[in-house]
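Starting from the given sequences, assemble the full structure and let the hints guide the process.
Chains as they are written, first to last, in this note's numbering: chain W, 1 to 102; chain F, 1 to 100; chain D, 1 to 491; chain S, 1 to 93; chain G, 1 to 326.
To be clear, the hints were calculated from the coordinates, so they are not data collected in a lab. Accuracy of the hints is not assured; some may be wrong.
[Unchecked claim] A few chain W residues that face chain D, going by a derived Cβ cut-off under 7 Å, partial list only: (1) F35; (2) M38; (3) L46; (4) V72; (5) L83; (6) V87; (7) E90; (8) T91.
We put the beta carbon where it would ideally sit given N, CA and C, even for glycine.
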Amino acid sequence: MNAAMLYALTGAGLFALGLYALAVQAHLLRKIIAFNVMGSGAFLVLGALAHRAPDQVADPVPHAMVITGIVVAVSATAFALVLMLRVQSETGQPHLPEQPSD
Amino acid sequence: MMLSQMITIVLLLAGAAFFLAGTLGLLRFPDVYTRLHALTKADNVGLGLVAAGLAIQAETWAAMGKMALIWLLVLLASATGAHLVARGALRRGIPPWTAR
Amino acid sequence: MGTLSPDSPWTIWVIFSPLAGAVFTFLWPRRARLAVPLVALGTVGSVACLVWQVAELGVQSHALGGWAAPLGINLYADGLSAMMLLTTALVGAAVTFYATEYFRRASETARYFWPLWLCLWTALNALFLSWDIFNLYVAFELLGLAAIALVALAGSADALTGAMRYLLVSLLGSLTYLLGVALFYSTYGTLDIGLLGDLTAPSAASWAATGLMVAGLLLKTALFPLHFWLPPAHAAAPTPVSAILSALVVKASFYLLLRLWLEVFPVTAAGLGHLLGLLGALAIVWGSLQALRQTRLKLLVAYSTVAQLGYLFLAFPLALSPVAATAWSASVFFILSHALAKAAMFLAAGNILRFAGHDRIAELGRAPYGVSLSWAAFGVAGISIIGLPPSVGFAAKWLQLEAALAGGQWWWTLPIVGGGLLATAYVFKIISCVFSQNGRTSGTNGISWRMEWTAFGLSLAALGIGFAAPQLLALLNSGTPLALHEVGSAP
Amino acid sequence: MTAFYLGLASFLLLNLAAGMWRILRGPSEADRMLAAQLFGTTAVAILLLLAEAMGQPALRDVSLVFALLAAVTVVAFVRRAWRPATEEHSNDA
Amino acid sequence: MDGAVNAAAWAFDALLVLTLLWLAWRVLMGPDLFKSIVFFIAFGLVMALAWVRLRAPDVALAEAAIGAGLTGALFLAALSRLAAGERIANAKRPVENSDTGKSTRPHRGVRMVFIAMSALFFGGLAAALLSLPAEAPGLTIQVAENLSTSGVSNPVTAVLLNFRGYDTLLEMGVLFLAVVAAWSLTPAPKEPVSPPGIVLASFVRVLSPMLLLAAGYLLWAGTHAPGGAFQAGSVLAAAAVLLLLSGKDMKANWPEWPLRVVLGLGLGVFIAIGLVMMLIGHRFLEYPLDYAGDLILLIEVAATLSIGVTLAALFLGGRPQRDERK
Numbered sequence: 001m002n003a004a005m006l007y008a009l010t011g012a013g014l015f016a017l018g019l020y021a022l023a024v025q026a027h028l029l030r031k032i033i034a035f036n037v038m039g040s041g042a043f044l045v046l047g048a049l050a051h052r053a054p055d056q057v058a059d060p061v062p063h064a065m066v067i068t069g070i071v072v073a074v075s076a077t078a079f080a081l082v083l084m085l086r087v088q089s090e091t092g093q094p095h096l097p098e099q100p101s102d
Numbered sequence: 001m002m003l004s005q006m007i008t009i010v011l012l013l014a015g016a017a018f019f020l021a022g023t024l025g026l027l028r029f030p031d032v033y034t035r036l037h038a039l040t041k042a043d044n045v046g047l048g049l050v051a052a053g054l055a056i057q058a059e060t061w062a063a064m065g066k067m068a069l070i071w072l073l074v075l076l077a078s079a080t081g082a083h084l085v086a087r088g089a090l091r092r093g094i095p096p097w098t099a100r
Numbered sequence: 001m002g003t004l005s006p007d008s009p010w011t012i013w014v015i016f017s018p019l020a021g022a023v024f025t026f027l028w029p030r031r032a033r034l035a036v037p038l039v040a041l042g043t044v045g046s047v048a049c050l051v052w053q054v055a056e057l058g059v060q061s062h063a064l065g066g067w068a069a070p071l072g073i074n075l076y077a078d079g080l081s082a083m084m085l086l087t088t089a090l091v092g093a094a095v096t097f098y099a100t101e102y103f104r105r106a107s108e109t110a111r112y113f114w115p116l117w118l119c120l121w122t123a124l125n126a127l128f129l130s131w132d133i134f135n136l137y138v139a140f141e142l143l144g145l146a147a148i149a150l151v152a153l154a155g156s157a158d159a160l161t162g163a164m165r166y167l168l169v170s171l172l173g174s175l176t177y178l179l180g181v182a183l184f185y186s187t188y189g190t191l192d193i194g195l196l197g198d199l200t201a202p203s204a205a206s207w208a209a210t211g212l213m214v215a216g217l218l219l220k221t222a223l224f225p226l227h228f229w230l231p232p233a234h235a236a237a238p239t240p241v242s243a244i245l246s247a248l249v250v251k252a253s254f255y256l257l258l259r260l261w262l263e264v265f266p267v268t269a270a271g272l273g274h275l276l277g278l279l280g281a282l283a284i285v286w287g288s289l290q291a292l293r294q295t296r297l298k299l300l301v302a303y304s305t306v307a308q309l310g311y312l313f314l315a316f317p318l319a320l321s322p323v324a325a326t327a328w329s330a331s332v333f334f335i336l337s338h339a340l341a342k343a344a345m346f347l348a349a350g351n352i353l354r355f356a357g358h359d360r361i362a363e364l365g366r367a368p369y370g371v372s373l374s375w376a377a378f379g380v381a382g383i384s385i386i387g388l389p390p391s392v393g394f395a396a397k398w399l400q401l402e403a404a405l406a407g408g409q410w411w412w413t414l415p416i417v418g419g420g421l422l423a424t425a426y427v428f429k430i431i432s433c434v435f436s437q438n439g440r441t442s443g444t445n446g447i448s449w450r451m452e453w454t455a456f457g458l459s460l461a462a463l464g465i466g467f468a469a470p471q472l473l474a475l476l477n478s479g480t481p482l483a484l485h486e487v488g489s490a491p
Numbered sequence: 001m002t003a004f005y006l007g008l009a010s011f012l013l014l015n016l017a018a019g020m021w022r023i024l025r026g027p028s029e030a031d032r033m034l035a036a037q038l039f040g041t042t043a044v045a046i047l048l049l050l051a052e053a054m055g056q057p058a059l060r061d062v063s064l065v066f067a068l069l070a071a072v073t074v075v076a077f078v079r080r081a082w083r084p085a086t087e088e089h090s091n092d093a
Numbered sequence: 001m002d003g004a005v006n007a008a009a010w011a012f013d014a015l016l017v018l019t020l021l022w023l024a025w026r027v028l029m030g031p032d033l034f035k036s037i038v039f040f041i042a043f044g045l046v047m048a049l050a051w052v053r054l055r056a057p058d059v060a061l062a063e064a065a066i067g068a069g070l071t072g073a074l075f076l077a078a079l080s081r082l083a084a085g086e087r088i089a090n091a092k093r094p095v096e097n098s099d100t101g102k103s104t105r106p107h108r109g110v111r112m113v114f115i116a117m118s119a120l121f122f123g124g125l126a127a128a129l130l131s132l133p134a135e136a137p138g139l140t141i142q143v144a145e146n147l148s149t150s151g152v153s154n155p156v157t158a159v160l161l162n163f164r165g166y167d168t169l170l171e172m173g174v175l176f177l178a179v180v181a182a183w184s185l186t187p188a189p190k191e192p193v194s195p196p197g198i199v200l201a202s203f204v205r206v207l208s209p210m211l212l213l214a215a216g217y218l219l220w221a222g223t224h225a226p227g228g229a230f231q232a233g234s235v236l237a238a239a240a241v242l243l244l245l246s247g248k249d250m251k252a253n254w255p256e257w258p259l260r261v262v263l264g265l266g267l268g269v270f271i272a273i274g275l276v277m278m279l280i281g282h283r284f285l286e287y288p289l290d291y292a293g294d295l296i297l298l299i300e301v302a303a304t305l306s307i308g309v310t311l312a313a314l315f316l317g318g319r320p321q322r323d324e325r326k
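Here it is as structure tokens:
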């Protein structure tokens, strides 16, 4: 149970927490924040497992993947915020209406 | 234990003491304005001491210069932040604490 | 597996002509009217050359940046990718032709439709060619964001809520898929699909990664229990966008699931295959019943997509029998037939909607004469959806029935045939409006011949390509390891 | 020496955790934003210590970025997210 | 002495992990939305510390600049626009009271089901993670071998811009798409323009050049030390955000067409260089050996400019007003 595995489990924990919050919270801004936490969790899993490389140097490929992921996450978040504000201006409330028919 | 390491340890401990004071102030003080004092003053002095302590161990002058620059930037940022928060709080009518 | 001729340039042009077009149309929106046909021609031309190369010389690949597999990213075009690229090119070109007319008056939305649509086309082509699981994640994200932005372009309240719900589902699916990528990379140390295929062996980590990836992809393919987001988004989007979404975007995540199932996932368990088949059958029944209940035309067509997607998933249990190759070819044919027919249906429905001003099925009877060609297109597309000869849909259903009977799993024939009957029901529910003579012609004349002929052309293509089935079958088998995946043979 | 640096970094992390209590309880939004600024300063100190402890001088660039960006969130709060006085007390009741 | 270092390292990691999880819990479950956002800013800071402990300074830089700085500012701006939107919505129908982001939860039973499901998910994932071997080289060896021919000496930049350059190109495409999508949705909301006051104005005037200098430094350092296009771009965006926040009307003195060119610049230069490589007989994005470093730097400069302006445009939250009249 070295440090890398500790951080990997934390990443998994963050992902599960985000998943729970995503399912429970109704406010759209809270859902977007939950996605950010889930994204950080997934990247932490990736980055922590890269730390297992021998002799104190971490594997650079997952680091590049995480940086790409962070930039993708921030652009998705920015777009989601703009869309949320548009939903609020059209429907008057920052929630998704209840699904009328399945 | 070389002399420089002794000085570093002393400076770092002093820095930690100031950080502790800052945090205690933040938790214990009654209103926004007093907490601003605790936060801005104590923490920045704490950071200055930590930076100074580490600068002694720094291998090149450039590293020392960079640490000094970091400290100055943090000073600038927290001073502005403190001013903005205080002015905003005053304008929003948060009453300053007065000893009853 | 065919000769692996290195570095075909066409794989690059297929991806970067639409991307360059997207940047151009964003920088010079007023010159989009000239640039878009050029870019569309360039893309379709390079897709045609690539498909010809794959058919003649076998698998094409391109080591990007000059780095070999484990370190660099490979582009890889085999029979399966060629078929998907062909479908995307056909439907994409038709929708581009339709959209130039559809957005003629709404220049404000058109200014942003072209960069978004060309980005989506790039993402589709990049997804079908990429041979690297993390690269597929980035292409997936590009695809999702472009599709959601296009849905939100309609600007109405339910378009925006549909787009928001689609965004939440898309982000959740991508993050789950990313977690699967993290697990696979941490276990096997490579991201290349080919290398992963040789290394994967059943272990706790690879099972978890498979489960995560399958869950993420099912969410984005809107398979039965997870289909709630599809109808509102597809119905509320502008007409050309609905056609693109139902015909192409939903198929991209199925293609990815199929590619990973064939190449990467450790020995595919019979249980998971049968579960997917069961969900597919439920999707067919539930989607068709919901389609029958709908009162609005575009929602009916959207629920028909949910139903037709079920057919694709029937291939998973059928492939667990010695006739796996027939089962996989059937589902790829389904992708082609549904793409063409559903695009035609949505374009026709869009014409009717624009002409009559509303799409409430009950009152559609009064407006059959203004857009008679669109009604014809809807009917002909219905033939392919139902699966009557000589359409490609019929060829696909025939192959699937053949695989079901030859593989000894006769019970799968029930959803196939049942689905056909239900499809007949909801198609004729619409066609019957034409024969009810209670109408005087009403509605604006905002329909140009281009829009009607595109819909009709696509429906004819869905009918006509049935004749080219043998050539398509040959193309599909050049380089795709379809036959390899009989039960028990290690990948 | 490294153990001393790491011990000190842990102590500062405790300080950080204590600051969080102010975010939780802080009566007014200004208090919460104060605590966020505390995090910035403490994080810079922790980073400088870690740079020394882990022997990676590159971490000083990270603390430089922290120092530069500490102001962005505070200014964003003051200029945008600070709601007018009337509403503020109601939601914290 | 070694035991003490391990113990201290373990203490720091355990404390950091606990802080991270507790912060995430407060971010997600807190009743008040503003409190959640402040916790989220703290979460970003502690996350950057976690990346530092995982020996990933490049990622720590990106997380610090984008995660803690920009995303926090984006959320705060979104919150203020949300409240403004709510005031308009209330004016139209002042019926039921508007919740200010109070987290409306489904009733108890449903929450139990979700708790069980996410706990199960965590259990399965943890089991899979624990089954992984403790030591795995990954692609470290291949990267180290080919580093000399990649034109840069920082392995992460080598992977980002040479070995997996196509990933970064598609990712620039995602950024470009996000701006186009945001512009297609709405015109930029009008922010309450108030004079910044002497302190903020002079602060921004002093800090902006430093931010630009830092962005240039990070860009240049990216070839041999942690840094690179994305970190430099986000520091550049922070400068632009500060200018926007201090009431400088970026839209007025920034003509619309050059803004679009800079937005498309990063992607355009990347594609152009890739295609030029193909014209001289190489494969796509295969840099000739002796020009690799210069080409990567050229791409990074274009990417930094593009990312900085793109993230600032995303902070703006819609297409600039001048765009309307076209």
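Structure-based check of each hint:
1. Of the supplied interface hints, the one on F35/W holds, with its beta-carbon coming within about 5 Å of a beta-carbon of chain D, less than 7 Å.
2. With a cut of 7 Å, the hint placing M38/W at the interface with chain D holds, because the nearest CB-to-CB distance is about 5 Å.
3. Proximity of L46/W to chain D holds as hinted, the smallest CB-CB distance being about 4 Å (cut-off 7 Å).
4. For V72/W, the interface hint holds, the least distance from its beta-carbon to any beta-carbon of chain D being 5 Å, beneath 7 Å.
5. Below 7 Å, beta-carbon pairs count as interface contacts, and L83/W has one with chain D at about 6 Å; its hint therefore holds.
6. At about 5 Å, the closest approach between the beta carbon of V87/W and any beta carbon in chain D falls short of 7 Å, and the interface hint on this residue holds.
7. Restraint check, E90/W versus chain D: the minimum CB separation of about 4 Å is within 7 Å; hint holds.
8. Taking 7 Å as the C-beta contact cut-off toward chain D, the hint placing T91/W at the interface holds, the least distance being around 5 Å.
Against the hints set out earlier in the document, no violation occurs for any number.
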